[in-house]
Amino acid sequence: MLSVIRTLWNVFLHTFQPRETIQYPEEKPNLPPRHKGRIILSRDPDGGERCVACHLCAVACPVDCIALQATEDENGRRYPEFFRINFSRCIFCGYCEEACPTYAIQLTPDFEMGEFNRQNMVYEKEHLLISGEGKYPGYNFWKVAGVKIGGKDKGEAENEAAPVDVHSLMP
Amino acid sequence: MAKIWVDDKWYEVGADQSLLEACLELGFDLPYFCWHPALGSVGACRQCAVKQYRDEKDTRGRLVMSCMTPASEGARISIKDADAASFRAGVVEGLMQNHPHDCPVCDEGGECHLQDMTVMTGHNYRQTTYPKRTFRNQNLGPLINHEMNRCIQCYRCVRYYREYAGGRDLDAFASRNQVFFGRHQEGTLQNEFAGNLVEICPTGVFTDKTLKKHYTRKWDLQMAPSVCVHCGLGCNTTAAERYGSLRRILNRYNGHVNGYFLCDRGRFGYEFVRGEQRIKQTLARQDGKLKPLPKAKAIEQLGRVLPGNQKVIGIGSPRASLEANFALRTLVGPERFFSGMSDQGSHLVSLMEEILRQGPARTPSLSEIEISDAVLVLGEDVTNVAPRIALALRQSVRQQPMEFTDKLKIPRWLDHAVREAIQDVKGPLFIAAPSATRLDDAATATYRAAPDDLARLGFAIAHALDPQAPDVPDLAAGARSLAEQIAAALKSAKRPLVISGPSSSSAAVIEAAANVARGLAKAGQAVGLAFTMPEANSLGANLMGGGDLSAAFKAVEEGRADTVIILENDLYLKAPAAAVDRFLDAARHVIAIDYLSTPTVAKSELALPAGAFAESDGTLVSSEGRAQRFFQAYIPKDDIQQSWRWLIEMMRAAGRSEAESWSTLDDVIAALAQGISALAKITEAAPSAKFRKLGEKIARAPNRYSGRTSMLANINVSEPKPPDDPDSALAFSMEGYQEHPPPSLTPFFWAPGWNSIQSLNKFQSEIKGPLRGGDPGVRLIEPPETANGSFFSSVPKPFAARPEEWLLVPLYHIFGSEELSRQAPAVAELAPKPYLAVNSEDAAHLQVQAGDQIEVNLAGTAHRLPVAIHPDLPKGIAGFPAGVVSLEGTGLLAWSKLSRL
Amino acid sequence: MTTTIFYILVIAGVLLVPLNLAAGLIWLERRLLALWQDRYGPNRVGPFGLLQVLADMIKIFFKEDWIPPFADKVVFVIAPAIVMVTVLMAFAVVPFTSTVVVANLNIGLLFFLGMSSLGVYSVVLGGWSSGSKYSLLGAMRASAQMLSYEVFMGLSLMGVVLMAGSFNLRDIVEAQHKVWFVIPQFLGFVLFMIAGIAETRRLPFDLAEAESELVAGFHAEYSGMKFGMFFVGEYMGVMLISVMISVLFFGGWLGPWLPPLAWIVIKTFFFIMFFILLRAGLPRPRFDQLMSWGWKIMLPLALANLLVTGALVLAFK
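Protein chains in written order, with our numbering: chain A, 7 to 177; chain B, 6 to 906; chain C, 201 to 517.
Next comes chain A alone, as it looks inside the complex:
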């Protein structure tokens, strides 16, 4: 019984405490860089698209709001032919970012995406792709992958030996 009264008293004392709420439109919140807001696609340090169209973000998405189609350039580098996020369905859970093996898809602290027309919430690749590396600088998937692409031959990736000479008779 005493604890009930003490609780009530302590709650009552909050009358004189400052408020935590930020009065948003007048006062801008200072969001941390890892806040889960608008999704972007980043580029690798060389300026190429990081996305390799592996479909992992799409499959991780609990509301299935990511659709893409893979394609390849003439040198075997895979990239998305189109990449579409329907932000009117997105719940900003960040699973896509968790799933992305190349740090391509990232959530940013921008959340001011309101639209009067829902159709405008559908973002295509040109809306998503930024020109920088985003939160994870320095990573280039193609430098660790084994496939050959333009500008990187077999055996030239990190931690790779030169291609085997199949015709060699050395044991």
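No wet-lab data here; the hints were simulated from the structure.
You may find that some hints are simply not true.
Listed below are the simulated DSS-like cross-link pairs for lysine-lysine, each with C-alpha atoms no more than 25 Å apart in a straight line [as the list claims (entries may be wrong)]:
no.	chain 1	residue 1	chain 2	residue 2
1	A	K160	B	K214
2	B	K217	A	K149
3	B	K296	B	K285
4	A	K42	A	K160
5	B	K642	B	K217
6	B	K695	A	K131
7	B	K695	B	K726
8	B	K218	A	K158
9	B	K686	B	K698
10	B	K85	B	K14
11	B	K686	B	K300
12	B	K14	B	K414
13	A	K34	A	K141
14	A	K158	B	K214
15	B	K414	B	K302
16	B	K726	B	K642
17	B	K316	B	K412
18	B	K302	B	K285
19	B	K294	B	K642
20	B	K218	A	K131
21	B	K85	B	K8
22	B	K218	A	K149
23	A	K131	A	K160
24	A	K160	B	K218
25	B	K773	B	K431
26	B	K217	A	K160
27	B	K302	B	K642
28	B	K499	B	K527
29	B	K686	B	K642
30	A	K158	B	K8
Once you've looked at the hints, dock chains B and C against the given chain A.
Below, chains B and C without anything else, positioned relative to chain A:
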């Protein structure tokens, strides 16, 4: 049956199995790489280790490879044992040391056996830091992509390619951790079954190159059970769609038909569905040209032509489904319906159907062909006509030698021990064909002759088996002794088999094959008689009835008909061009329903776009007489709809009463089963659209299907409801029953932890056996218990070469001879260039060399072709590539003058 | 004539003021809860967010008035009206001042008790007619809770009646000229307040709603204005209990300097705010705890209170 203990619980397992098979059959998740149900065990990868105990008192046990250990009575093993588990994890860790960081860009990702097994064993982190070894890839042609870095050296590819499929040009090179699997030099893989490497390879070394161009992960595909339309065998396939287009064909296991493998035509021929040749809009002739017309207008136009018109005839098609053919037959009436086969084709198919129906022998399924122990192929190049038979025959030649290994008590699943014991010994396989075939290397003896001489050989074999059969008196001595050799081999076999078909365009060849089978049957042998069929539904179209093409031509010529409806059929491939031209010009209205813009469509007044196999539901009857249902993988775009739906709309336009009661596939099937007694059993081919499992339809897409709320968002952000499917128990969605649908309705194979095609073991009632719930399809033709009828007696005269004329014989090619698949870019790339083949002697006589132009004069039309020299062709015969050179319509087995240019 | 007009005004006032105040209370509650939770609460619509109530009302009026197909339609519609009617009826006997009272009944207190117990029908019928298991569970809890807490609610007031010697509420207030009954009847006050909270199904005794277990309990299936009526009914119930506490234990309109009406309003609002503080501060007990509390602690205490008061009244008479 044997009783074994697994982790201290006992189970009954089938006798004569390895422990791995037994464990998988019992539903345990035991990882493996080098073992494959069709290839057997070699114990190379050490992945399937379990602990085996001597008896219940033994607590130490020892590690054994479960694939190499028989599941003998009283065997005690532990899968969970910590030593075994850490051993298995260690093996995967070793394999992964050189495996590249490729999964995101690897086409195997998401259906990769290596991924599954890595997860299953629990290996997570690569602890080594030394450089990964790399390889250079080879260009293996337009069908298969090669990425050697990913190889884990399980040897499955070379075992399949060399030992199972009989290929020569894929091998293992170099040594130790540098073993390389590829060709001795870059180039297209020569074997016709190379496409199966895509499914055989447990990781992404060999992947589907056609899929790569429009890549989609397995989990994103909307799939449906389908049936291959590229030959008469009716192999089961899975058709897979994404974003409204067909993405790939995958083998769909059917224990009685194709088992684990498809041919490359069946796997890669699908691209015609995506091709430029498709008709997508309703087309109508305006100002002499076919131009798009709104669908409603086209129906209106039909409404002007059809009602009350007593002069409508329908030409069906051996490549259209039974349902489409039946709808046309109902629309025009049975007496005005024509089967759409060429005169000769119709005659031969009827003959074959008659033989199959009357006896003497039962037509075997592909799995039965595989276990035949003496085979005669008469007049067929099976590799190029019905390719999957060739792969089955390569297994059949091992049957007799394996009786020897049985005596040595080597279990048949112990693959390399069996092969070591057999060496190069092959069971009897005799191939008699006009020219060399791709199976000759497996044959005991071959015989190359003109069709009439092939028939004579067949008659001689029959006579050697049974003196009551007509004799061939003036047979050459060599052929006579060969006939006696073949007769002896067949007679001493337990499960002899005769294969023939219409490829030699000769009724005598078929009759001779029937005589051989009758001779064996009379001696009480369990003989099989398999015929190939020219098209996917030839047998079904024949069971449907209807006259041949010249009867249709005659009807128009005599003025009994003036309106022609042509269903999925290019008449120019079935009859001489001049006759077809005459026919189409004489008819007042020509309405074509087809998916490809064929020359016939080009001459029509109204062309209605039909759904191709992946866009339609229907039933096909395979050459085995097995009726199999195929289902839509997706609803096609534009005006395209299923042929039988077009025909129902035509009925409605014509004011026919049937149109009222026909709205779904089941309605058509019910009417068809009632109307044609020979086809009454097709209702059993698959469950009806009312079928529900746990109250739900069966989902066409896997659980993890992605992008539902986004794939159409560019068109409209409010996503539409998934389309209804009134025609089948499948749903166009991932929502629905997922686990174990009935086999004929299984859109894809997937089980928890088993994302690759290896998940099949969760769907089979026994490894390599039938699917749980029975293999799909229903056999329509069974011979009577006691064969009636008698031997065919019209033995043809020996072939005599004419001095200045050559007999034109079609030579078949797996890539190029079939009408639909040759529209697929990858297949077209592999199709031969036009040629006219003669043997060296004839070439010398004609004074031509390979590559020279030669003129063929046929029915007044001159064709120019480059010469090819086939030394194996008999004298007096000229071969042309069927399908590639359009001499088909000229009436087969024609004589022609050849003149050098 | 003037008295008639006065009465009409009083009746209109008693009908309309609580109704509008209830709406205002929603705003007050949200602001106060926010204050005690270091937030702002509704502060955007109008000055201090006062028009939020109006916005909510507009919204609630324009919402689809959905009746689930599985509901018993007639009962489903009547149920929310019952709560409004009973509470408003109870207001009829409340003496706001010696003159501002609709019906000065001899048995005013009994009438109040009767009306407040009739209110439970609304909850039970609403929950039952919804045809949903959550609603039914909520309704069952509500009826059990009412039954248990009504018993000692009545008993806790008997001390007051003994001391005032009347069931007439005006007489009870008049009897507090010397000393407010909260002093001699402190135990009675505490008991009545607890029973009052339970009677209005306010936190911490809102087990009939219990959104964390029962979605929204008895009104899970309600929407639009029918839901609004439950909502307003609840706030009027809060007002009723608050004003009754003032009348029974804190001398009603009695007080120095200010006009009587001001006193009763101040006292009432104090208790309303106290109710909101309870909501901000206390968690919800388990249902079995609630029941054993009622029967094993509150009821014996109420009986003891009555016994002692009776004995003392007899002794000092």
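Hints and how they fare:
1. K160/A with K214/B: holds, 20 Å
2. K217/B with K149/A: holds, 22 Å
3. K296/B with K285/B: This hinted pair holds, its Cα atoms lying about 11 Å apart.
4. K42/A with K160/A: violated, 37 Å
5. K642/B with K217/B: holds, 23 Å
6. K695/B with K131/A: violated, 43 Å
7. K695/B with K726/B: With a Cα-Cα distance of about 20 Å, the restraint between K695/B and K726/B holds, given a limit of 25 Å.
8. K218/B with K158/A: Holds, at about 21 Å.
9. K686/B with K698/B: Holds, at roughly 23 Å.
10. K85/B with K14/B: Answer holds: K85/B to K14/B is near 12 Å, not above 25 Å.
11. K686/B with K300/B: Status violated; Cα separation ~35 Å.
12. K14/B with K414/B: violated, 29 Å
13. K34/A with K141/A: holds, 21 Å
14. K158/A with K214/B: holds, 22 Å
15. K414/B with K302/B: violated, 73 Å
16. K726/B with K642/B: OK: K726/B and K642/B at ~16 Å, within 25 Å.
17. K316/B with K412/B: violated, 69 Å
18. K302/B with K285/B: holds, 16 Å
19. K294/B with K642/B: Within the cut-off at roughly 23 Å; holds.
20. K218/B with K131/A: Holds. K218/B to K131/A sits at ~20 Å (cutoff 25 Å).
21. K85/B with K8/B: holds, 19 Å
22. K218/B with K149/A: holds, 24 Å
23. K131/A with K160/A: Cα-Cα ~30 Å, so violated.
24. K160/A with K218/B: holds, 22 Å
25. K773/B with K431/B: Status holds; Cα separation ~23 Å.
26. K217/B with K160/A: Roughly 20 Å between the alpha carbons, so the hint for K217/B and K160/A holds.
27. K302/B with K642/B: Cα-Cα ~18 Å, so holds.
28. K499/B with K527/B: The hint holds at about 14 Å.
29. K686/B with K642/B: violated, 33 Å
30. K158/A with K8/B: violated, 57 Å
Consistency with the previously given hints fails for numbers 4, 6, 11, 12, 15, 17, 23, 29 and 30, ordered from lowest to highest.
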